[in-house]
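Protein chains in written order, with my numbering: chain A, 1 to 415; chain B, 1 to 147.
In case anyone wonders, no lab produced these hints; they're calculated from the structure. Among the hints, a few may not be true.
[Claimed, not checked] Computed Cβ-Cβ distance ranges for the label pairs, DEER-style:
1. Pro100(B) to Ala19(A): 36 to 44 Å
2. Glu79(A) to Glu139(B): 33 to 41 Å
3. Thr98(B) to Glu79(A): 21 to 29 Å
4. Phe22(B) to Arg18(A): 40 to 48 Å
5. Ile49(A) to Asp102(B): 29 to 37 Å
6. Ile49(A) to Thr24(B): 34 to 42 Å
7. Val105(B) to Arg31(A): 52 to 60 Å
Glycine is no exception: its CB is placed at the ideal position from the N, C-alpha and C atoms.
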Amino acid sequence: MTSSVAPPPRGFDVGRIRADFPILRRTVRGRPLVYLDNAATTQKPQAVIDAISRYYTEINANVHRGVHQLSELATEAFEEAREKVRRFFNAQDGRGIVFTRNATESINLVAHAFGSSRVGRGDEVLISAMEHHSNIVPWQMLCGRTGASLRVAPIDDRGELRLDELDRLISDRTKLVAVSHMSNALGTINPVEEIAGIARRRGARVLVDGSQAAYHMPVDVQALGCDFYAATGHKLYGPMGIGVLYASADAMEQMEPFLGGGDMISSVTFEKSTWNEPPHKFEAGTPDVAGAVGLGAALDYVTSIGLRAIASHEQELLEYATRALETMEGVRLIGTARRKASILSFVMDGVHPHDIGTVVDREGIAIRTGHHCAQPVMDRFGVPATARASIAMYNTRADIDALMAALSRVRQLFG
Amino acid sequence: MTDLSDLYQEVILDHNRRPRNFRTMQGPTHKAEGHNPLCGDRLSLFLDVEDGIVRDAAFQGTGCAISRASASLMTDTVKGLPLDEVRGIFERFHRMITTPPDQAVEDLGKLSVLAGVRQFPVRVKCASLAWHTLKAALESKQVVSTE
Numbered sequence: 001m002t003s004s005v006a007p008p009p010r011g012f013d014v015g016r017i018r019a020d021f022p023i024l025r026r027t028v029r030g031r032p033l034v035y036l037d038n039a040a041t042t043q044k045p046q047a048v049i050d051a052i053s054r055y056y057t058e059i060n061a062n063v064h065r066g067v068h069q070l071s072e073l074a075t076e077a078f079e080e081a082r083e084k085v086r087r088f089f090n091a092q093d094g095r096g097i098v099f100t101r102n103a104t105e106s107i108n109l110v111a112h113a114f115g116s117s118r119v120g121r122g123d124e125v126l127i128s129a130m131e132h133h134s135n136i137v138p139w140q141m142l143c144g145r146t147g148a149s150l151r152v153a154p155i156d157d158r159g160e161l162r163l164d165e166l167d168r169l170i171s172d173r174t175k176l177v178a179v180s181h182m183s184n185a186l187g188t189i190n191p192v193e194e195i196a197g198i199a200r201r202r203g204a205r206v207l208v209d210g211s212q213a214a215y216h217m218p219v220d221v222q223a224l225g226c227d228f229y230a231a232t233g234h235k236l237y238g239p240m241g242i243g244v245l246y247a248s249a250d251a252m253e254q255m256e257p258f259l260g261g262g263d264m265i266s267s268v269t270f271e272k273s274t275w276n277e278p279p280h281k282f283e284a285g286t287p288d289v290a291g292a293v294g295l296g297a298a299l300d301y302v303t304s305i306g307l308r309a310i311a312s313h314e315q316e317l318l319e320y321a322t323r324a325l326e327t328m329e330g331v332r333l334i335g336t337a338r339r340k341a342s343i344l345s346f347v348m349d350g351v352h353p354h355d356i357g358t359v360v361d362r363e364g365i366a367i368r369t370g371h372h373c374a375q376p377v378m379d380r381f382g383v384p385a386t387a388r389a390s391i392a393m394y395n396t397r398a399d400i401d402a403l404m405a406a407l408s409r410v411r412q413l414f415g
Numbered sequence: 001m002t003d004l005s006d007l008y009q010e011v012i013l014d015h016n017r018r019p020r021n022f023r024t025m026q027g028p029t030h031k032a033e034g035h036n037p038l039c040g041d042r043l044s045l046f047l048d049v050e051d052g053i054v055r056d057a058a059f060q061g062t063g064c065a066i067s068r069a070s071a072s073l074m075t076d077t078v079k080g081l082p083l084d085e086v087r088g089i090f091e092r093f094h095r096m097i098t099t100p101p102d103q104a105v106e107d108l109g110k111l112s113v114l115a116g117v118r119q120f121p122v123r124v125k126c127a128s129l130a131w132h133t134l135k136a137a138l139e140s141k142q143v144v145s146t147e
């Protein structure tokens, strides 16, 4: 799906797409904005901005309460957004889609709702060495609470997961395998179907962190065979503050509530409370309805362009940029997996990534520099930090050319 | 419109390429570790203080051009100074890099090349890391973070 270079499909018009993103018309430091920090967050199309504005202008009321019309409309809009998420990830059932604040909260939800009751002393949680801190720390905390231990499957020099090691590390004590679908620091796409197959054979549940993957490739949670899939709205061209967790019906049954409060209960007395049905059981308190509506609009937008077309456009740009970076003297790419998307993580001899970031920023170019919330990945490759350019659907060869020109200036400045 | 050359002055580029006092020290009297989680900078600072005077200062670690140059210039500056003067320079340097860019600052000699950092607010911490580590070393704190 993303491993071969096909010409951008007919009908994929990057100029038209760019026109849908108002922020791309602004200048930064007197230059047209070149936005290459998409792995941190993507920009928002007008359709998303309008959907949020329309929600607050015409519909706003609290959901799942009240009989008045606005409350009904708001509930309808919220549940319609849930249905859009279900369809986007091809979940069996809307009951398997929980709205959260972001992927981090989705993962923490599983660590508490599933982990606290199903992972005990002597059990194991297995992660990979390329995880974002958000898919490391919740498991460390869970292990600290329960006396379970955390195991880590290593990666090779290209930044690919060592499946043989993963297979070896899974034991009958492994209760959960938590891996990213795509690495935010390296761009590696993990063979999640295969990992889920290995885990299932040993009776372990599988959580996939889809923060990076979900906006670069079609995701079908049933085909992947995972129990949990975590994603965040703001990387999917939607608003910040809304995330989703998919859980299979089977896994859902083993989950205790996460946060307690309104909406997640069926009845409350001072002696005892009973829980609402999923997904509401996991959605305590007033949710970000506008965020969900905005995410729904974003998914409509992405679907209208088509993830296969987006992937093919981005892949072509990634290969173009990779070739350009490889020919630049003193530049080393970190993360050269055979299956990867969007991400160009690199270091430059004699120049700290932070200095690269400052110099290219002067040209109106936004990239990320630092450890990318993946310090173990930096340690694995023996660098304190990298510079990272990341591609989204609205980027062009001109953006890459601008970056390369700015990097030449960095080279000049630092000798 | 600020210019990159305000930040990356020739003196800074030179100290980045050839940092002074970039070495470890046997048996320092004072030592501290500095860490800037934002950019992954790590810095070890060593001081040899005798009779209230800094006889030698050295540093090691990884960092951006600003933090390396700042550490290099700092170690050069404090060598030979009595401790009360070192503390005074810390205060004056700190004031210089935290004064808004549209206001005048005291001339601190060669340290003044770092005044340009004021126009790059996210980089102020890079310039101050070595100095906070120096302060920690003198106060005998072992690890300091600019976060």
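Hints versus structure:
1. As the Cβ distance of Pro100(B) to Ala19(A) is approximately 39 Å, the hint placing it in 36 to 44 Å holds.
2. The hinted window of 33 to 41 Å between Glu79(A) and Glu139(B) is violated, with their beta carbons roughly 58 Å apart.
3. Between Thr98(B) and Glu79(A) the beta carbons are some 51 Å apart, a value that contradicts the proposed interval 21 to 29 Å.
4. In this structure the hint that Phe22(B) and Arg18(A) lie 40 to 48 Å apart at CB holds, the actual value being about 46 Å.
5. The beta-carbon spacing between Ile49(A) and Asp102(B), approximately 35 Å, falls within the hinted interval of 29 to 37 Å.
6. Under the hint 34 to 42 Å, the C-beta atoms of Ile49(A) and Thr24(B), about 55 Å apart, miss the expected range.
7. Between Val105(B) and Arg31(A) the CB atoms are about 29 Å apart, so this pair departs from the stated range of 52 to 60 Å.
Hint compliance for this structure: hints 2, 3, 6, 7 are broken, all remaining hints hold.
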